[in-house]
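In order, the protein sequences belong to chains Z and B.
The number in the working numbering is simply the position in the first sequence, starting from 1, with 22 added.
The number in the working numbering is simply the position in the second sequence, starting from 1, with 22 added.
These are computed hints drawn from the structure, not numbers from a lab.
Values in this document were obtained by computation on a predicted structure and should not be read as measured data.
Check before you lean on any hint, since a few could be wrong.
Identical chains blur together in the list; that is why a pair holds if it fits in one copy or across any two.
[To be verified] With a cut-off of at most 30 angstroms between alpha-carbon atoms, the simulated DSS-like pairs for lysine-lysine come out as follows:
id	residue 1	residue 2
1	Lys214	Lys179
2	Lys214	Lys178
3	Lys139	Lys151
4	Lys129	Lys254
5	Lys190	Lys133
6	Lys265	Lys249
2 protein chains.
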Amino acid sequence: MSSKSANITRRLVVSTLATLPMLAARLTTAAQAQASENQLSSWNDGPAKQAILDFVRVTTDQASSNFVPPSERIATFDQDGTLWVEHPMYTQVMYCLERVPEVVEQKPELKNVAPFKTVLSGDREAIAKLSLRDLEEILAATLTGMPVEEFEAEAKKWIETARHPRWKRPYTDLVYPPMLEVLRFLRDNGYKTFIVTGGGQDFVRVYAQQVYGIPPEQVVGTAAGTKYGYDKEGKPFLTKEPKLLLNDNDAGKPEGIHMMIGRRPHAAFGNSTGDREMLEWTGAGDGARLKMLVLHDDAAREYAYGPAQGLPDSKVGTFTSALYDEAKKDGWTVISMKNDWKRVFSFDQ
Amino acid sequence: MSSKSANITRRLVVSTLATLPMLAARLTTAAQAQASENQLSSWNDGPAKQAILDFVRVTTDQASSNFVPPSERIATFDQDGTLWVEHPMYTQVMYCLERVPEVVEQKPELKNVAPFKTVLSGDREAIAKLSLRDLEEILAATLTGMPVEEFEAEAKKWIETARHPRWKRPYTDLVYPPMLEVLRFLRDNGYKTFIVTGGGQDFVRVYAQQVYGIPPEQVVGTAAGTKYGYDKEGKPFLTKEPKLLLNDNDAGKPEGIHMMIGRRPHAAFGNSTGDREMLEWTGAGDGARLKMLVLHDDAAREYAYGPAQGLPDSKVGTFTSALYDEAKKDGWTVISMKNDWKRVFSFDQ
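Required output: the full structure, derived from the provided sequences and hints.
Structure below.
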C-alpha cells in the first residue's frame, strides 16, 4: 500500500469510527422512541400522545435545556375520572352509602333520621337528590370512629365484592389502561408517581398499590385526623376521627402536594375543575411541565358529560367552559377519550 | 473402573454437587454478614449494633418467619438528638431566634414587644428563660406569612452560614456518622427511610436530601398549612400560614406517620419522650420490629443529659426514667453514645 493510500485509508477509518458513537446514539434514540411508542399502545397517534412522548423525551435527555434530574421527577394524578370511572357517583360515596345499614345497626338511633333514613329507603331518586351536606354527614358517620386497621379491612372487603351498576364488574376493573400505561411509562423514565385525589386518602390507599402500582405513602387525598390511644391491654391503636385535616380538592390540591410531597410536580393529570389549581401550580414552574385533562366525550364506551362540550353538567367531575378556556390559553393538553384512546377499559375489544 | 467404584464416585459427585448450593449460600451469607459489619464501621460491637444486624438479617431473609416484603420495609427516624445534635437548643429554634431582627425590620411594631424585645436584647440568660408560649410566638412570626419558595431560600441560606456555638461548625456537620450508616444500611436492604421529626417539616426538607439522602416527601414533621393564591400577574403561589396542621411530637408522631406514610414502620429510632408513641406504635406490629433510643451519655464528645442517667434534665430531648423503664420492659434497645459509637462526629479521631 502506498503511503498516500494508507493515509486515505487511515482517514476513512478515523472518520468512520468518529461517526460511530453518533450513529449508535441515533440508533439508541430511535429504538428508545419505538419502545416509548409501544408503551403507549392504547393511545392513538395525536397531540395528546405526542405531548406525553415529547415531555418525557426532553425532561430525561441530559442534553436538553429542559432536563430534570431523576431525584426531582414528580408526577401527580387525580383519581376519579382521571384514572378510573367516576360515574354515576364517586366510588367512595358508593362505599359509604352501602355501609349505612351496618352503621345504623350499630347506632339504631340513626334509623329514622335523615339522611340515613333516605339511604335505607333504597329510593334511588331520593338518594340522588341528597345534598352535599347530607353526603358529608354520611361520610363522617361511615368513615370515622373505628381503628385504622378495621377501616382498612372493611374497605378492602368492599372493594373486592362491590360491583359497578352499569358494567356489573368490580370498580377496580374500571381503570383506564391508557392511563396505566402513562403511569408505567413515567415510572420507567424515573418519575415518582403520586395520586392526588379529592377522595379519601385511607380509602384509595387500600388498593392503590395493587391497581396502580402506587404505594400508600404516594397517595395524597382528603384526610381526616386520627387519635392515638391504648386498649385495655395497653396496646396502642389509632382511631379515625371526624376532624378534617386536608380537603384535597381545588386549592387543597397544591396545598396537599406541598404538605405531603414538598415540591412542585413536573407533570399533572386531572379531569375537572377540582384539578384546576393543581395544573396551574404545576404549570407555573420553570422548564417543561406536562398539564393534561381527560375529557369524558365517549358516551358509547364510557360517559359524555360537562358543559365544555355542550353536554349535560354532572354532579361529579365538572369540566366547565371556563376550565376548557384556561386549558387552551395556558397550553394544557385535553385528552379526548373518544379520539385519543384505542380502548377505555381492558375488556374493550 | 469397577461398577462399584463408579457408583461410589457418582454418589460422591452427586452428594458434593448437592451441597454446593448450600455451600455457596453459606459463603454468600458469610460475605454478606461481613459486608454488613463493614457498613456499620462507626459502631462498637455490642447489643445495639447486634440488634440492627439481627433485625436486617431476619426481615430480609426469605426463609425467615419474620421476612418483610421489600415494598413494606419502612423505617422512621426522629431527627433532633437522634440524627444530629439538639443541644443547647433545637437547630430550628436557633434559626427562628436569629431571624427575629429581620422580622422586626419588616414589622417595627414588634421591636419593643415581648418576646421579640428579649431576643433583640441579646441577653442569653433571658433568652434561655423564654417560655414555650414565647417560643411559639417567635416561631409563628418567623416561619409564616411568606411564599414557600422564599422560606426555602431563606432557610437554605441560613443553614449554609450558621454555626453551632460550641463547635463553630455548620449544623449539618453535627450529624452522627453511626446513624448515617444505619440509614444507608437499611436503604441498601430495601428499607425506605423517613424522618419523623417534631421540627418543622419545611425546614428539615431544605437539607434532608443532601445531609441524610432523604427526599422531601419522606420528611414528616410539624407542619403548618399553606394558602393558595395568585399574584398581580395571575401567577399562583403558596403562602405559609400560622395554622397548625400536624404537631409531630408524642402521639402526633404515629398520627403523622398514618397521615403521611399510611403504614406502620418496622423500625423506629428516637431519643426522647417525644418519640415514645412512635416506638410503641412500631413495636405493636407483628413480627420483628426494631425500636431504638439514643442515650446522650457522652459529655466529652457530645453531651450528657436526662434523668434516666441521674443527669440534669434538659429543655430538649427529655429521656426520663419512665421512658427508660418502658424501653427495658418492651425490649427497645438503648444506644449508648459513649459505649456503642466509635465516633460521634465525622471530625472525631
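Each hint, compared with the structure:
Within a single copy, Lys214 and Lys179 get their C-alpha atoms as close as 28 angstroms, and across copies as close as 28 angstroms, so both meet the 30 angstroms cut-off. In the homo-oligomer, the alpha carbons of Lys214 and Lys178 lie at most 30 angstroms apart both inside one protomer (25 angstroms) and across protomers (24 angstroms), since each shortest distance falls under that limit. With identical chains, the CA atoms of Lys139 and Lys151 are at most 30 angstroms apart within one copy only, with a shortest distance of 13 angstroms there and 59 angstroms across copies. Taking identical chains as interchangeable, the C-alpha atoms of Lys129 and Lys254 lie at most 30 angstroms apart only when both belong to the same chain, with a minimum of 23 angstroms there against 52 angstroms between chains.
Taking the closest pair of Cα atoms, Lys190 and Lys133 come within 30 angstroms of each other only inside a single copy of the chain (29 angstroms); across copies the shortest separation is 68 angstroms, beyond that limit. Within a single copy, Lys265 and Lys249 get their C-alpha atoms as close as 10 angstroms, and across copies as close as 19 angstroms, so both meet the 30 angstroms cut-off.
Violated hints: none; the structure is consistent with every hint.
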